[in-house]
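S.K.: Using the sequences plus the hints, can you model the full thing?
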Amino acid sequence: MKYLPHTSEELAEMLSVAGVKSLDDLYSDVPEAIRFRREYNLPEAMSEIEIRNYFDRLASLNDPLICFAGAGCYDHYAPSIVQSIIQRSEFLTCYTPYQAEISQGTLHYIFEFQSMMAEMTGMDISNASMYDGATATAEAAIMAMAAGKKCTKVLVSSTIDPRVRAVLETYAHFHGFGLETVGETNGQTDRNDLQARLNEGGVAGVIVQQPNYYGVIEDFSGMADICHNAKSLFIINSIIADLAVLKTPGEWGADIAVGDGQSLGIPMNFGGPGVGYMCCTEKLLRKMPGRIVGLTKDNREQRAFVLTLQAREQHIRRQKATSNICSNQSLMALYVTIYLSLMGKQGIKEAAELSYAGAHYLHDELVATGWFKPKFDAPFFNEFCLTYDGDVDALIEECADRGFLVGVKTDDSSILIAVTEQRTKQDIDNLVETIKSIREDAV
Amino acid sequence: MNNRLYGNLIFELSHPGRKGYSLPANQFGSFSTSQLPETLLRKKDAELPECDELTVVRHYTNLSHNNFGVNDGFYPLGSCTMKYNPVINEEIAARPEFTAIHPLQPEYTCEGSSAVAAELRRMLSEITGLADFTLNPMAGAHGELTGLMIIRSYHESRGDNARTKVIIPDSAHGTNPASAAVCGLEVVEVKSLADGTVDVDDLRRLVAENQGTIAAMMMTNPNTLGLFERSIPEIAELIHAEGGLMYYDGANLNPMLGACRPGDMGFDVMHINLHKTFSTPHGGGGPGSGPVGVRSGLEQFFPTVGAFNGNFGVYIKALVYILTIGRENIKMVGPLATLNANYIKERLKDVYELPIDSVCKHEFVFNGLKDKSTGVTTMDVAKRLLDYGYHAPTIYFPLLFHESLMIEPTENESKETIDGFIEVMRCIAEEAKEDPEMVKSAPHTTPIGRVDDVLAAKHPVVTYKQLISCADTNA
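The listed protein sequences correspond, in order, to chains Z and P. Anchor point for the first sequence: position 62 equals 387 in the working numbering, and the numbering is continuous, going up by one each time. Anchor point for the second sequence: position 74 equals 918 in the working numbering, and the numbering is continuous, going up by one each time.
Treat the hints with care, since some could be wrong.
With a straight-line Cα cutoff of 20 Å, these simulated PhoX-like cross-link-like pairs (lysine-lysine) come out [claimed, not checked]:
#1 P:1175 with Z:346
#2 Z:556 with Z:474
#3 P:1259 with Z:327
#4 P:1259 with Z:346
#5 Z:612 with Z:645
None of these hints come from the bench; they were simulated from the model.
M.R.: Shown next as structure tokens:
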């Protein structure tokens, strides 16, 4: 077998050095009653040709569609060299950079990643990444609970992505803190409700999303003060690509900025891997979960990077650690670091402008058909929510049959639609024409 | 080979006006973000680099030269199972029919991706002797947390709400107690015997003392010393009789392939690190994948721990691996990994101190050099190995010994590779006697020398902006 190099001569010699007669003898300490003695019920080994054929068949069961869906996962563009560099085996096949002397490549790019995340979010500092946006948000809630003395709960706006909220609920339930929902008006966080709930006291953190689940860009002016006056932390989950242009969590006065980096060109891949990011104020540095890379020097007086502040982490602090996180999404952090290096200061704005323009164009075209109406009267970026006067499920299926993923259903009469810089005017016109022909067929 | 220019930070290679991207012209008329209310816009651009494409390519290619991966050489990192990461896995995972699928597509348009997940769940269930798996956890520690959540839900569903404690051996991976804490559980530590296995008498005492409050016991088997816990049937019976469940930390699953299944050992819930046992790459610390399996009847308690379907792009590689090695070879994985470990142990135990001299499984632990008079520590041995082109073993873990040096070779390594490693380890033992200062100041051939950890932690500089501002302050 190509992954198992032992010849029978070598086996004999090695067994003799190991002091046993057979491979089976290596397991003489395993009670016979629990030994696995039959064959695994698995397919026989496949050659590479058979593997390719096998996955040809599975791949043919998928229909890649022209994507107008978002809801936390976006079909953005990435330059071709990003994928080619992250496939370099020195990055792909190495372990967590505990041995700094032979891991400067990884440590160096994580330092760049942290710098870029801090720039994008307008925050002081960043960690080396989290699993995804949802778990990063849950970890931010736990961090707020640890920072807030005598707090019992975290507030979350009802305009947050329901899938992020579901993960928050899981963590809140088991970690043991309350999670209360702040209501919404016109698709935005209800300030009066927020104030009233803060007035009750005991709130460790307030979590909002930007743009929110409906694609609405919320105005958070003054919200940080409202939170801070109630001794609560202010936590913003952002679609990070949009921060190329939108006011940053730092500018809004957030204490913690979290989210997923998927919108920075990471393939959708059925939902993962993405890369969670977490940034915060300098004050909260030592309360952060996960790995952090810091600057130092070596014994030859050279600049070097190293994993630092490890006393927060599970391998040192065990049950008193700030989190249980060990592996994060390092290679995906490299992905977005290379993406941001190439797109740079100007490219991220240009991509954001294209997404914005395409989305507004499609929005107006759909509203002009008369079958769609804006669900909220509020500014949006590259994602928007419309009400539809027909059956939303049927619309999604009929579009899928014609090669389009038109969006994500948010309720029986509403659909959430996203446009990225990958969608040409032709794509958009084709979608609108397709919807028109579906409607005509129905008549 | 390293180039000084390209080895700078990417920010230091930036020149205003350069670009490394190309985008189509805007065809959408006059729509512009400048039409948004000013209060919603950022005041200052993100200070990202401005570089041409070749500069970016050279910068990251140069960085890669400062790394050491499994493809570069032997990686005997104990507890991490640094297997070969087959390239066919990468080829299949990169197919656009998989990568271009949105997680919220109508089900009938992504049956291929769903089938990948379903096939893998079935195969993992067969390999472990459990009923079903959730593929959503995104790393091993995430799997541990998910598994403990399942256990708590099980007890809660029975109204058994007093079960808030988890028994964990003192030799366990740090993630075990940390995951218990995140899950709102209290850790009760059970002692190890001199041979590193669970002290069943101490366990019996703990079980009696904590009656009615034990949610679970977390174990890895073989344990972190690489020793099989032969009392496992008795331990499982003890915990089950008390009403608790058994959790298996799959970090050490590799030597059990072909030998013994966690389900048959009496475990009810477990996670698998696909990036260890099933050959998906470690990627410098992720993305991993930590599927959680359960005994029949517990499937209903799978919690929501991620927004979508877990790290699909990772776990598809595990399916490719299982199909590639197949039924006839998977049963050889555990025995050959175990043989490689025992061979190294036997060939080195005359110069390195072996605290527990018995047949190990996939890994074993030395307590530093046998000859302690030279002052050469485990750290020094590890750093000297780097000079010889080997990755270091895991050091100072487990905490049971002062000079732990934990070696795990995996089944993929050939006898020549292992013999070469043994020779170098023996050579370092000689060097420790003849020239201890040289070993203590190793590594000498790596791009950088030993780093100042204290400096990094005392004045944390974790972004380029902070780096510039502290350079300004010093100037």
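S.K.: Hint by hint, say whether it matches the structure.
M.R.: So, going through the hints one by one against the coordinates:
1. Of the supplied pair hints, the one linking residue 1175 (chain P) and residue 346 (chain Z) holds, its CA atoms being roughly 18 Å apart against a limit of 20 Å.
2. A distance of roughly 10 Å separates the Cα atoms of residue 556 (chain Z) and residue 474 (chain Z); the hinted pair therefore holds under the 20 Å criterion.
3. For the proposed pair residue 1259 (chain P) and residue 327 (chain Z), the alpha carbon gap of about 15 Å is at most 20 Å, so the pair holds.
4. Distance restraint check for residue 1259 (chain P) and residue 346 (chain Z): the Cα-Cα separation of roughly 18 Å lies within the 20 Å cut-off, and the hinted pair is therefore satisfied.
5. Distance restraint check for residue 612 (chain Z) and residue 645 (chain Z): the Cα-Cα separation of roughly 12 Å lies within the 20 Å cut-off, and the hinted pair is therefore satisfied.
Checked against the numbered hints above, the structure breaks none of them.
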